[in-house]
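Peer 1: Sequence:
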Amino acid sequence: MPAFAPLLEQVKVRLGGLAGVVIVADALHTQIAHARAVATAGGDLYVSVKANQPTLYAPLKHLPWAQVPIGDQHRDTGHGRRETRTVKALTLQTPGGIGFPHAQQAVRITRTRMITGKRTRETVYLVASLPTPHAQPADLQQWARLEWHIENRLHWVRDVAFGEDAHRARTGTGPAVAAVLRNTATGFHRGNGETNIARATRRANRRPHDLIDAVTSSYPTTQ
1 MPAFAPLLEQ VKVRLGGLAG VVIVADALHT QIAHARAVAT AGGDLYVSVK
51 ANQPTLYAPL KHLPWAQVPI GDQHRDTGHG RRETRTVKAL TLQTPGGIGF
101 PHAQQAVRIT RTRMITGKRT RETVYLVASL PTPHAQPADL QQWARLEWHI
151 ENRLHWVRDV AFGEDAHRAR TGTGPAVAAV LRNTATGFHR GNGETNIARA
201 TRRANRRPHD LIDAVTSSYP TTQ
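The sequence shown begins at 1 in the numbering used here and counts up by one.
A hint or two may mislead.
[What the hints assert, rightly or not] Listed next, with one range per pair, are the computed distances between beta-carbon atoms: (1) 65 <-> 19: 31 to 37 Å; (2) 132 <-> 50: 22 to 28 Å; (3) 16 <-> 196: 31 to 37 Å; (4) 69 <-> 208: 30 to 36 Å; (5) 93 <-> 17: 27 to 33 Å; (6) 26 <-> 84: 17 to 23 Å; (7) 118 <-> 57: 22 to 28 Å; (8) 69 <-> 202: 46 to 52 Å; (9) 54 <-> 4: 20 to 26 Å; (10) 68 <-> 118: 24 to 30 Å; (11) 13 <-> 198: 32 to 38 Å; (12) 198 <-> 17: 36 to 42 Å; (13) 26 <-> 136: 19 to 25 Å.
It is worth saying that the hints were derived from the structure and are not from the lab.
Quick caveat, the model's predicted, so the values are computed rather than measured.
All residues carry an ideal CB built from backbone N, CA and C; glycine is no exception.
Using the sequences and the hints given, assemble the complete structure.
Peer 2: Encoded structure:
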(Lines of atoms letter the chains of each structure in order from A; the text may use other names.)
(Lines give C-alpha, C1' and ligand atoms only; values in the text may rest on other atoms or scores of the structure.)
Protein backbone atom coordinates (compact mmCIF):
# COMPACT_ATOMS: atom_id res chain seq x y z
CA MET A 1 0.00 0.00 0.00
CA PRO A 2 2.80 2.57 0.69
CA ALA A 3 3.85 2.41 -2.97
CA PHE A 4 0.28 2.24 -4.31
CA ALA A 5 -1.12 5.32 -2.57
CA PRO A 6 1.19 7.86 -4.30
CA LEU A 7 0.50 6.22 -7.66
CA LEU A 8 -3.24 6.41 -7.06
CA GLU A 9 -2.93 10.09 -6.16
CA GLN A 10 -1.07 10.77 -9.41
CA VAL A 11 -3.84 9.08 -11.39
CA LYS A 12 -6.48 11.12 -9.55
CA VAL A 13 -4.64 14.35 -10.30
CA ARG A 14 -4.13 13.46 -13.95
CA LEU A 15 -7.78 12.45 -14.49
CA GLY A 16 -9.36 14.95 -12.13
CA GLY A 17 -10.74 12.15 -9.94
CA LEU A 18 -11.64 8.49 -10.17
CA ALA A 19 -15.41 8.72 -10.54
CA GLY A 20 -16.35 6.45 -13.41
CA VAL A 21 -12.78 5.14 -13.77
CA VAL A 22 -12.06 1.41 -13.91
CA ILE A 23 -8.56 0.42 -12.82
CA VAL A 24 -7.55 -2.86 -14.47
CA ALA A 25 -4.46 -4.52 -12.99
CA ASP A 26 -2.70 -7.83 -12.52
CA ALA A 27 -2.67 -9.96 -9.38
CA LEU A 28 -0.04 -7.74 -7.75
CA HIS A 29 -2.88 -5.33 -6.96
CA THR A 30 -5.35 -7.92 -5.74
CA GLN A 31 -4.97 -6.61 -2.22
CA ILE A 32 -7.59 -5.62 0.31
CA ALA A 33 -5.96 -2.25 0.97
CA HIS A 34 -5.85 -1.45 -2.75
CA ALA A 35 -9.51 -2.36 -3.24
CA ARG A 36 -10.56 -0.14 -0.35
CA ALA A 37 -8.38 2.76 -1.50
CA VAL A 38 -9.82 2.68 -5.02
CA ALA A 39 -13.39 2.45 -3.71
CA THR A 40 -12.82 5.33 -1.27
CA ALA A 41 -11.56 7.43 -4.19
CA GLY A 42 -14.74 6.67 -6.13
CA GLY A 43 -13.24 4.30 -8.69
CA ASP A 44 -13.65 0.63 -9.54
CA LEU A 45 -11.15 -2.21 -9.58
CA TYR A 46 -10.89 -5.20 -11.93
CA VAL A 47 -8.07 -7.56 -11.01
CA SER A 48 -6.94 -11.12 -11.61
CA VAL A 49 -6.51 -13.70 -8.87
CA LYS A 50 -3.73 -16.29 -8.88
CA ALA A 51 -3.30 -19.59 -7.09
CA ASN A 52 -0.79 -18.05 -4.67
CA GLN A 53 -3.80 -16.32 -3.07
CA PRO A 54 -5.58 -19.54 -2.00
CA THR A 55 -8.19 -18.01 0.31
CA LEU A 56 -9.58 -16.06 -2.65
CA TYR A 57 -8.59 -18.31 -5.55
CA ALA A 58 -10.22 -21.49 -4.22
CA PRO A 59 -13.72 -19.98 -3.72
CA LEU A 60 -13.53 -18.42 -7.19
CA LYS A 61 -12.46 -21.66 -8.82
CA HIS A 62 -15.22 -23.67 -7.17
CA LEU A 63 -18.12 -21.43 -8.10
CA PRO A 64 -20.75 -23.26 -10.25
CA TRP A 65 -19.14 -22.22 -13.53
CA ALA A 66 -20.62 -25.18 -15.43
CA GLN A 67 -24.06 -23.67 -14.87
CA VAL A 68 -23.06 -20.17 -16.00
CA PRO A 69 -23.74 -19.46 -19.69
CA ILE A 70 -21.00 -18.04 -21.90
CA GLY A 71 -21.24 -14.28 -21.76
CA ASP A 72 -18.79 -13.38 -24.51
CA GLN A 73 -16.44 -15.14 -26.87
CA HIS A 74 -13.74 -13.72 -29.11
CA ARG A 75 -11.51 -15.40 -31.70
CA ASP A 76 -8.20 -14.17 -33.09
CA THR A 77 -5.98 -15.59 -35.79
CA GLY A 78 -2.57 -14.60 -37.09
CA HIS A 79 1.07 -15.66 -37.33
CA GLY A 80 0.09 -19.33 -37.33
CA ARG A 81 -1.89 -18.91 -34.12
CA ARG A 82 -5.56 -19.32 -33.35
CA GLU A 83 -6.88 -18.12 -30.01
CA THR A 84 -10.35 -18.25 -28.48
CA ARG A 85 -11.19 -16.33 -25.29
CA THR A 86 -14.39 -17.25 -23.50
CA VAL A 87 -15.82 -15.12 -20.69
CA LYS A 88 -18.24 -16.17 -17.98
CA ALA A 89 -19.34 -13.71 -15.31
CA LEU A 90 -21.26 -14.41 -12.13
CA THR A 91 -22.94 -11.80 -9.93
CA LEU A 92 -22.06 -12.23 -6.27
CA GLN A 93 -25.06 -12.32 -3.96
CA THR A 94 -23.36 -9.96 -1.52
CA PRO A 95 -20.77 -7.39 -2.66
CA GLY A 96 -17.45 -8.59 -1.30
CA GLY A 97 -18.99 -11.94 -0.44
CA ILE A 98 -16.17 -13.80 -2.17
CA GLY A 99 -13.78 -12.48 0.47
CA PHE A 100 -12.55 -9.44 -1.42
CA PRO A 101 -13.82 -5.93 -0.57
CA HIS A 102 -16.42 -4.42 -2.91
CA ALA A 103 -16.27 -7.35 -5.37
CA GLN A 104 -19.60 -7.58 -7.20
CA GLN A 105 -18.74 -9.96 -10.02
CA ALA A 106 -16.63 -13.08 -10.28
CA VAL A 107 -15.18 -13.62 -13.74
CA ARG A 108 -13.65 -16.62 -15.48
CA ILE A 109 -11.79 -16.21 -18.76
CA THR A 110 -10.63 -19.30 -20.63
CA ARG A 111 -8.00 -18.85 -23.32
CA THR A 112 -7.53 -21.70 -25.79
CA ARG A 113 -4.62 -21.45 -28.24
CA MET A 114 -3.69 -23.55 -31.23
CA ILE A 115 -0.10 -22.97 -32.38
CA THR A 116 1.47 -25.20 -35.04
CA GLY A 117 -0.90 -27.99 -34.18
CA LYS A 118 -0.35 -27.77 -30.43
CA ARG A 119 -3.34 -26.89 -28.25
CA THR A 120 -2.97 -25.09 -24.91
CA ARG A 121 -5.62 -23.96 -22.46
CA GLU A 122 -5.40 -21.39 -19.68
CA THR A 123 -8.08 -20.37 -17.19
CA VAL A 124 -7.89 -17.04 -15.41
CA TYR A 125 -10.11 -15.89 -12.54
CA LEU A 126 -10.83 -12.24 -11.81
CA VAL A 127 -12.98 -10.07 -9.57
CA ALA A 128 -14.65 -6.81 -10.51
CA SER A 129 -16.18 -4.17 -8.26
CA LEU A 130 -18.66 -3.16 -10.97
CA PRO A 131 -22.16 -4.65 -11.10
CA THR A 132 -23.44 -6.33 -14.25
CA PRO A 133 -25.27 -3.26 -15.65
CA HIS A 134 -21.96 -1.36 -15.69
CA ALA A 135 -19.70 -4.22 -16.81
CA GLN A 136 -21.10 -6.67 -19.32
CA PRO A 137 -19.07 -9.76 -20.32
CA ALA A 138 -17.97 -8.02 -23.54
CA ASP A 139 -16.59 -5.14 -21.42
CA LEU A 140 -14.81 -7.54 -19.08
CA GLN A 141 -13.32 -9.29 -22.10
CA GLN A 142 -12.03 -6.06 -23.64
CA TRP A 143 -10.59 -4.67 -20.41
CA ALA A 144 -8.73 -7.88 -19.60
CA ARG A 145 -7.42 -8.12 -23.14
CA LEU A 146 -6.05 -4.57 -23.04
CA GLU A 147 -4.34 -5.19 -19.70
CA TRP A 148 -2.76 -8.43 -20.96
CA HIS A 149 -1.62 -6.68 -24.12
CA ILE A 150 0.13 -3.92 -22.17
CA GLU A 151 1.66 -6.36 -19.68
CA ASN A 152 2.90 -8.72 -22.39
CA ARG A 153 4.45 -5.86 -24.39
CA LEU A 154 6.29 -4.53 -21.35
CA HIS A 155 7.43 -7.90 -20.01
CA TRP A 156 8.58 -9.09 -23.43
CA VAL A 157 10.66 -5.95 -23.91
CA ARG A 158 12.13 -6.12 -20.41
CA ASP A 159 13.08 -9.77 -20.83
CA VAL A 160 14.19 -9.89 -24.49
CA ALA A 161 15.57 -6.38 -25.09
CA PHE A 162 17.00 -5.80 -21.60
CA GLY A 163 17.66 -9.37 -20.44
CA GLU A 164 15.77 -8.93 -17.18
CA ASP A 165 15.56 -12.63 -16.30
CA ALA A 166 19.32 -13.02 -16.71
CA HIS A 167 20.15 -9.97 -14.60
CA ARG A 168 22.12 -10.80 -11.47
CA ALA A 169 20.46 -8.25 -9.16
CA ARG A 170 18.54 -10.38 -6.68
CA THR A 171 18.69 -8.69 -3.27
CA GLY A 172 17.67 -5.45 -1.61
CA THR A 173 16.30 -2.68 -3.79
CA GLY A 174 18.48 -3.69 -6.75
CA PRO A 175 15.75 -5.51 -8.72
CA ALA A 176 13.24 -2.67 -8.19
CA VAL A 177 15.74 0.00 -9.25
CA ALA A 178 16.71 -1.99 -12.34
CA ALA A 179 13.04 -2.47 -13.26
CA VAL A 180 12.40 1.27 -12.96
CA LEU A 181 15.37 2.02 -15.21
CA ARG A 182 14.16 -0.48 -17.82
CA ASN A 183 10.65 0.96 -17.76
CA THR A 184 12.03 4.50 -18.04
CA ALA A 185 14.18 3.57 -21.02
CA THR A 186 11.23 1.84 -22.72
CA GLY A 187 8.97 4.83 -22.11
CA PHE A 188 11.61 7.23 -23.40
CA HIS A 189 12.10 5.31 -26.64
CA ARG A 190 8.37 4.87 -27.24
CA GLY A 191 7.80 8.54 -26.49
CA ASN A 192 10.20 9.29 -29.32
CA GLY A 193 8.21 7.16 -31.73
CA GLU A 194 10.41 4.06 -31.59
CA THR A 195 8.59 0.79 -32.28
CA ASN A 196 11.62 -1.50 -32.03
CA ILE A 197 13.00 -1.05 -28.52
CA ALA A 198 15.91 -3.45 -29.02
CA ARG A 199 17.10 -1.51 -32.07
CA ALA A 200 16.68 1.84 -30.29
CA THR A 201 18.65 0.52 -27.33
CA ARG A 202 21.52 -0.66 -29.53
CA ARG A 203 21.63 2.73 -31.22
CA ALA A 204 21.65 4.50 -27.84
CA ASN A 205 24.51 2.26 -26.68
CA ARG A 206 26.59 3.29 -29.69
CA ARG A 207 25.75 6.99 -29.37
CA PRO A 208 25.33 7.70 -25.62
CA HIS A 209 25.96 11.43 -25.99
CA ASP A 210 22.92 11.78 -28.27
CA LEU A 211 20.78 10.21 -25.57
CA ILE A 212 22.20 12.47 -22.85
CA ASP A 213 21.62 15.56 -25.02
CA ALA A 214 18.05 14.47 -25.75
CA VAL A 215 17.25 14.06 -22.05
CA THR A 216 18.96 17.21 -20.77
CA SER A 217 17.70 19.46 -23.57
CA SER A 218 14.11 18.84 -22.51
CA TYR A 219 14.67 20.80 -19.32
CA PRO A 220 14.87 24.60 -19.27
CA THR A 221 18.18 26.10 -18.21
CA THR A 222 18.53 28.88 -15.67
CA GLN A 223 20.74 31.94 -16.07
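Peer 1: Go through the numbered hints given earlier and state which of them the structure violates, listing their numbers in rising order.
Peer 2: Those not satisfied come down to hint 4.
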